[in-house]
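Chains as they are written, first to last, in this note's numbering: chain A, 1147 to 1513; chain B, 1147 to 1513; chain C, 1147 to 1513; chain D, 1147 to 1513.
These are calculated hints, taken from the structure and not from any lab test.
From a predicted model like this one, the values you see are computed outputs, not experimental measurements.
Heads up, some of the hints might be wrong.
What the hints assert, rightly or not - A short, non-exhaustive set of chain D residues, derived as facing chain A with CB atoms under 7 Å:
no., residue
1, I1198
2, I1323
3, Y1328
4, P1329
5, L1331
6, S1332
7, S1333
8, M1334
9, I1337
Stated by the list, open to error - Here's a subset of chain C near chain D, in silico, CB distances under 8 Å, partners left out:
no., residue
10, H1172
11, G1273
12, D1338
13, I1384
14, S1392
15, D1435
16, P1439
17, C1459
18, I1461
Just so you know, even glycine gets a beta-carbon here, dropped at the ideal spot from N, CA and C.
The chain contents come next:
4 protein chains.
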Amino acid sequence: MRKLDVAILGATGAVGQRFIQLLENHPWFRVSEVIGSHRSAGKTYAEAAHWILNDSPPANIAALTVKALDDPVRSPLVFSALPKEAAITRELDLAAAGHVVCTNASANRMLPDVPLLLPEVNGKHIGLVDIQRRKRGWTSGALIANSNCTVMPVVMSLKPLLKYGLRRLHLVSEQAISGAGYPGLSSMDMIDNIIPYVPGDEQKMAKESRKMLGYFNGEDIDTLDLVVSATCTRVPVIDGHLVNISAELEEGPALNSILDDWRTWQAPDPIPSLPSAPAFPLQYLEQIDRPQPRRDREAGRGMMTSIGRLRACPILGYKYAALSHNTVRGAAGCSIMNAELLAVSGYIEAFQPAESAYATVANFRAP
Amino acid sequence: MRKLDVAILGATGAVGQRFIQLLENHPWFRVSEVIGSHRSAGKTYAEAAHWILNDSPPANIAALTVKALDDPVRSPLVFSALPKEAAITRELDLAAAGHVVCTNASANRMLPDVPLLLPEVNGKHIGLVDIQRRKRGWTSGALIANSNCTVMPVVMSLKPLLKYGLRRLHLVSEQAISGAGYPGLSSMDMIDNIIPYVPGDEQKMAKESRKMLGYFNGEDIDTLDLVVSATCTRVPVIDGHLVNISAELEEGPALNSILDDWRTWQAPDPIPSLPSAPAFPLQYLEQIDRPQPRRDREAGRGMMTSIGRLRACPILGYKYAALSHNTVRGAAGCSIMNAELLAVSGYIEAFQPAESAYATVANFRAP
Amino acid sequence: MRKLDVAILGATGAVGQRFIQLLENHPWFRVSEVIGSHRSAGKTYAEAAHWILNDSPPANIAALTVKALDDPVRSPLVFSALPKEAAITRELDLAAAGHVVCTNASANRMLPDVPLLLPEVNGKHIGLVDIQRRKRGWTSGALIANSNCTVMPVVMSLKPLLKYGLRRLHLVSEQAISGAGYPGLSSMDMIDNIIPYVPGDEQKMAKESRKMLGYFNGEDIDTLDLVVSATCTRVPVIDGHLVNISAELEEGPALNSILDDWRTWQAPDPIPSLPSAPAFPLQYLEQIDRPQPRRDREAGRGMMTSIGRLRACPILGYKYAALSHNTVRGAAGCSIMNAELLAVSGYIEAFQPAESAYATVANFRAP
Amino acid sequence: MRKLDVAILGATGAVGQRFIQLLENHPWFRVSEVIGSHRSAGKTYAEAAHWILNDSPPANIAALTVKALDDPVRSPLVFSALPKEAAITRELDLAAAGHVVCTNASANRMLPDVPLLLPEVNGKHIGLVDIQRRKRGWTSGALIANSNCTVMPVVMSLKPLLKYGLRRLHLVSEQAISGAGYPGLSSMDMIDNIIPYVPGDEQKMAKESRKMLGYFNGEDIDTLDLVVSATCTRVPVIDGHLVNISAELEEGPALNSILDDWRTWQAPDPIPSLPSAPAFPLQYLEQIDRPQPRRDREAGRGMMTSIGRLRACPILGYKYAALSHNTVRGAAGCSIMNAELLAVSGYIEAFQPAESAYATVANFRAP
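Please model the entire structure based on the sequences and the hints provided.
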């Protein structure tokens, strides 16, 4: 199968690097354009990017010449790791020009016709792409966002519990420093210290969870009627956002029922067959002191959410901790899996894998 | 004024060391006996203690010979930093033998006639000492405890708000590693990681806050009728426990009223004149990203509680963060201040400072 | 090909866990016995081991029952992660009983007839096994050690330079905390701190490097005549020992010659074909601020040594930094690769892979 | 005694803040002007400075209005914490205009007529001020620098050993992150990691130590003929630079002689009487695992150098570790103590404390 060419917007930054790392050896997509700031344009990727992940960038990417943000883009599929301001118009322009744009930027995330897609949670929201195209007069283009990296473990862990009637959420996050990009937080702030505030995230926790857990009625999203009280804090951890969650469930299920729900839950086909999908999106850890960021963030190659410590909450009924890798499943990895779902759903004109192809593709990264 | 001799039980451990450090240059008390395990007994303190605080132990303490746990104790005042099991009977035996014992151990903390004393919060609970002496037939002896180090910033910050009718509390702590003693937590668990569980602390948060905020009716404590949901986590911070607090207040005061309460609140006389007392027990920090453990734990020489981020909570009404130094105000420093209050209240037979003495004593440690 | 059964001595400890992790999916060996202390014996591995690596132990290992240290051992090949005292006699007993024992313990490392084997550096020292068997009257048994984890990057990086006449070494290490096992160093010692001393390691740096770089004369090892001044320090890093090396080379080669040596150096056949062998044992990093522990320790799946910052030293002539993963290549991974070399060299009676088998085996762990 | 007005250049940065913190309650000097960038000018200090030290800026400083870098300066004494580029001309201009400028910037440090002053080490270099004034036609103005913060513990610990004939030095530093200012190093680089390179510092170690240990011949400095091989690394420690030092001493004294030298060494009068001077500049720590940054950096209120682990080096003869607080004694604290020496030496026209005043002044900060 011929691979689809993809472009990375904001390729030299922290999330851009994660896109490049996760797309190495991808069975369907290959990075053929890297796009950066004017300062980077014209240099090779190796020269332009201060690589902050392990090892070095893949050799074939290192040799690519970085394009400027307003240079023409050739690839049908575009992943965006742009900063917010740069993202606002450029992402919409590229979609209007016929590109399928999967973005990790928050800029256009709350536009009513942009799905905030997390396949296992709200795969059906992909239908918004039809609305988007009709409303905006786009043909092959589309703009699909993924959520804030702290909302992600919250909605993923709650998805199997929605049937009990979710009413209120009290959230206290302990977020990794990679969530702030690079250089992001000063080391002078993060050694022997925590910061009890993360700009903007408490608002996003509320707004984005209501949208993501909402219902696509064929025209737009009916947001979930949900009371959310969020507190976001930053801790000296490289990767992995942990959220302490208290939840109110109308039906009041037994704790064991919830454990069963988590242990058996899978998304409907074809989601579990997507190349980046973990076999099970959730794992419940029995040890009383888990999940822990360093030990559990890589579960399912960074694509699983780990849950632990389910117990009664005397105020809201239930409480537990959930953890996801914030720059893999909470950012670049989610965008990639979104693009995989778009492909198998026929939304990428230039690339339509036969069912036989994707249904049998093994997870492409070794465990 | 002649200083009162004091003994430190568990003098070589982490909290024992903090007692020794805080009592250096104390205007009323001087450490004259250091008591340790059988392994330490007979050695000089310098030999027996692996000093983990800054610098080295004070020279006069370093030269003392460590006594065994069951050796006779001479000092009228005893501070206990014993491990739980060792504390249970030894503390009661010493009190029965006529010593005033101020303990940081949790062993006897919840006995109905043992006050869980935090002077600014429940100074009147000191009256339990009379009950204790009457009931147990003690004359000069007494046993007074201080609370768990994580409960401490919670009750301190809530004290001025009790008048509004406190009903429910949702607490998520981010606790420093020194709370687990030495060696305590492995470095393999605490670098680039957090542990979402602290054994026993969630239960203590509920039980101890109800007792501390209760009413001494002249005979025993009427505990406060309070719903508490606590989650305790451990973060890679040396000292300083931060608690994310959501609180329900019956009267629903304006946020500004709460700020005023915090800024102006002082304990009744003679508490603010005690040598270890900060001028104001609380400080509210205006910066949106404070309190932070490393930057705020030393406020008031480790005896103040720092508060920040007061805002509305859509579930319980109010939320904010509070921080205290867990091994100073949350442990040894609180025991010492408790002993000061006992002294000025006439509960230490061997030592009764004239009011003129204590009312004018300056805070003995430089800012 | 039928896999060879192996036993892990000290299976529940930190290095024991690393053996289990690295042997998962090994093409030649499979863990069939896990051996621990009397406290662990009789429990399942899942119950007995407090797993400190990422995720959880492999399911098939988790279900094994832990044997006691003096229980009979069935597996022909034994990996030892025993503490020093336990290792002294048990390892020799097992070798005498016919087992091939590859040990990471330091207990028997300096015995004259025990090779201190690092295949790329001194593969020929494997001949000591014949001496050992002859001298001790062993037939199928053998005892092979790997070096201290801090010596390892030093000798690996110097191997290609021996031809220039190595005379003197000045070494200052910055060692990861995992080198001290679990629980090892207290978090109270390792946050916002370094410890300028590692018990025993400075002596080992000198003695072990002289032995490893020595010449096997057919009977014993002529140690290299080498002056070593070592300083060992501990830094708050999870894995990856970095050593700042100054070296005196008799011939005084140009810096570029050394770079060429490092970039092209490979061990003789069959070493590069061993399942655990990296294609190249060394990588020289051009960036001026590398190698870094977190970013480079996983190179070659933890089996490569990364070098950087080669420049002139006004005292000894040359200086540079070298880094290896201390619990992979510096411990369990080296023992495993040693066993692979023993197998292809005919020293494991029960298991002799045909050349066609091992010459074509791909590295069994994905990059 | 009326206090001398001082101005702080670069007052809002990390070192500027340390100047302000250390000058609070200074017996001779009071901060009356704070000078920053154009971006800060016109705001109050509280608004302009993102305070990164503990607690908050002193209230009287918080209320000062920040002046722009080219605004006229009123105070006779100026402390400079300017970035290198800004320092070059501004410091010389202010000195030419009659101000005594004590700078922590490296910009003008190596000018032949600018003393690199560390009172206990080279107090006599203060005589360069006369040369400077004569040569440049200055009357009351002067420019005095302090050294790089990593050189400082090296020269301080070597000063009492110069009599043995110091020939060669091999230095490997483990430097705290505060040495890079704020925001300085990214937290993404410094958690679970070290950086084996500090831009520019290896060169400074050589050049500045030769100048500081040189001899003032009445006209200029005869630099010490010293071979220095320096390697500088960055570790995840907030404050406190540790240097692993190997030294060659011509006379080959016994280790005990060196210990005696360190334990008894004091600078000549009037240096030990200066307000910021520690009673003894050096302390030798007997414990084999000291000095440690977090536990020893505050010794002598950050003004002492701690030494440990003296032992034989098979290459250079002697080795040991030395530690100083890099932003106190290694930066702002040194500039302040330099100014104190200038004052008592009659180099500050506007402020000449009587000997009776300074000889009896107690150290102004509590221990």
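Right, here's what the structure says about each hint:
With 7 Å as the threshold, the beta carbon of I1198 of chain D comes within range of chain A, its nearest partner Cβ sitting at about 6 Å, so the hint holds. Taking 7 Å as the C-beta cut-off, the interface hint given for I1323 of chain D holds, the closest approach to chain A being about 5 Å. Nearest Cβ of chain A to the Cβ of Y1328 of chain D: about 5 Å, under the 7 Å cut. The hint holds. Because the smallest distance between the Cβ of P1329 of chain D and any Cβ of chain A comes to about 4 Å, under 7 Å, the interface hint for this residue holds.
For L1331 of chain D, the interface hint holds, since its Cβ comes within 7 Å of a Cβ in chain A; the closest pair sits about 5 Å apart. Interface hint status for S1332 of chain D: upheld, as the beta-carbon distance to the closest one in chain A is roughly 3 Å, under 7 Å. This hint holds: S1333 of chain D has a C-beta 4 Å from the nearest C-beta of chain A, less than the 7 Å allowed. A distance limit of 7 Å between C-beta atoms decides the matter here; for M1334 of chain D the minimum to chain A is near 5 Å, and the interface restraint holds.
Interface restraint check for I1337 of chain D: the shortest CB-CB distance to chain A comes to about 6 Å, inside 7 Å, so the restraint holds. Violation of the interface hint for H1172 of chain C is found here, the shortest Cβ-Cβ separation to chain D being roughly 28 Å, above the 8 Å cut-off. Interface restraint check for G1273 of chain C: the shortest CB-CB distance to chain D comes to about 31 Å, outside 8 Å, so the restraint is violated. Interface hint at D1338 of chain C: satisfied, since its Cβ lies 5 Å from the closest Cβ of chain D, which is below the 8 Å cut-off.
The beta carbon of I1384 of chain C is positioned within 8 Å of a beta carbon in chain D (closest approach about 5 Å), and the interface hint is therefore held. Interface hint at S1392 of chain C: satisfied, since its Cβ lies 7 Å from the closest Cβ of chain D, which is below the 8 Å cut-off. With its C-beta approaching chain D no nearer than about 4 Å, D1435 of chain C sits inside the 8 Å limit, and its interface hint holds. With 8 Å as the threshold, the beta carbon of P1439 of chain C comes within range of chain D, its nearest partner Cβ sitting at about 6 Å, so the hint holds.
Among the interface hints, the one on C1459 of chain C holds; its C-beta lies about 5 Å from the nearest C-beta in chain D, closer than the 8 Å criterion. The closest approach between the C-beta of I1461 of chain C and any C-beta of chain D is roughly 5 Å, which is under the 8 Å cut-off, so the hint is satisfied.
In the structure shown, a violation is registered for the earlier hints numbered 10 and 11, in ascending order.
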